[in-house]
Amino acid sequence: MQRLAFALLGLAACSPGPDDNVHLLTEAEFTLFDHATPPAADRPRSRVDLPDYWSKARPDASGSGWYRFTLPPVADTSEVWAVHLPKVNMNAAVFINDTWVGDGGTFERPVSQNWNRPLFFSFSPNLLNRAQNTIEVRIFAYEHDWGMLGPIKVGPQSSLLSTYERQFAWQSTGAQLASLWTLMVALFVVALWVGRPEDPVYKYFVLASAFYLVHSLSAHVQNIGVPYEFGRWLIHVSTD
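Heads up: the sequence shown begins at 1 in the working numbering, then just goes up one per residue.
The set of hints was computed from the structure by calculation and includes no laboratory data.
Errors might be hidden in some of the hints.
To be verified - Straight line, CA to CA, 30 angstroms or less: simulated BS3-like cross-link-like pairs of lysine-lysine:
hint, residue 1, residue 2
1, Lys153, Lys87
2, Lys87, Lys56
3, Lys153, Lys56
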């Protein structure tokens, strides 16, 4: 636990310098296309700015939407490149020039949850060898939910990795530590409750801890294993 705490502090202190090869992509062409592979190049698309929130732009939409970006060719192919997706909801997959490079888990319902988990995929820079390269990001969203894609970064892996690791530590690892701490405290209070069953304060504390634990698990468990509607209902009930 102590080593992990020092690691988190170390990641927080790191701040990568600017890199001319890192591309921050904040504009895309979007289309709804509920398939596992990118749509045809001539499919009608609309221009969107990132972050793109489905609840505002297309509240009744659900399923898969595709974001299309373009990049110039890469001159230096001696270093591994990567794409960093700091914020997605609910799941994402990335294709470089129609070649799959990674995803955040299953797209079968209930899809993998990545709303509090940044995604990072490495790939060979040889994939970016065209005069105009395309990066396509598939996002899955539930109807009337919080589907979204934030600005993404593409560049040498060495320039992006520390930023991703720092974000992952604060969001995902931090959520895991919160769940673990809640469980440990709840078990300790259970032991006190066994010794003094007539005192209701211990019972209420354990119940409150259990509800918070359910809510905190949603921040870092990717595959919930239950129907999404029931899982979302359970999270709201635990919060209320």
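- Query: Broken hints, numbered, in rising order?
  - Reply: none
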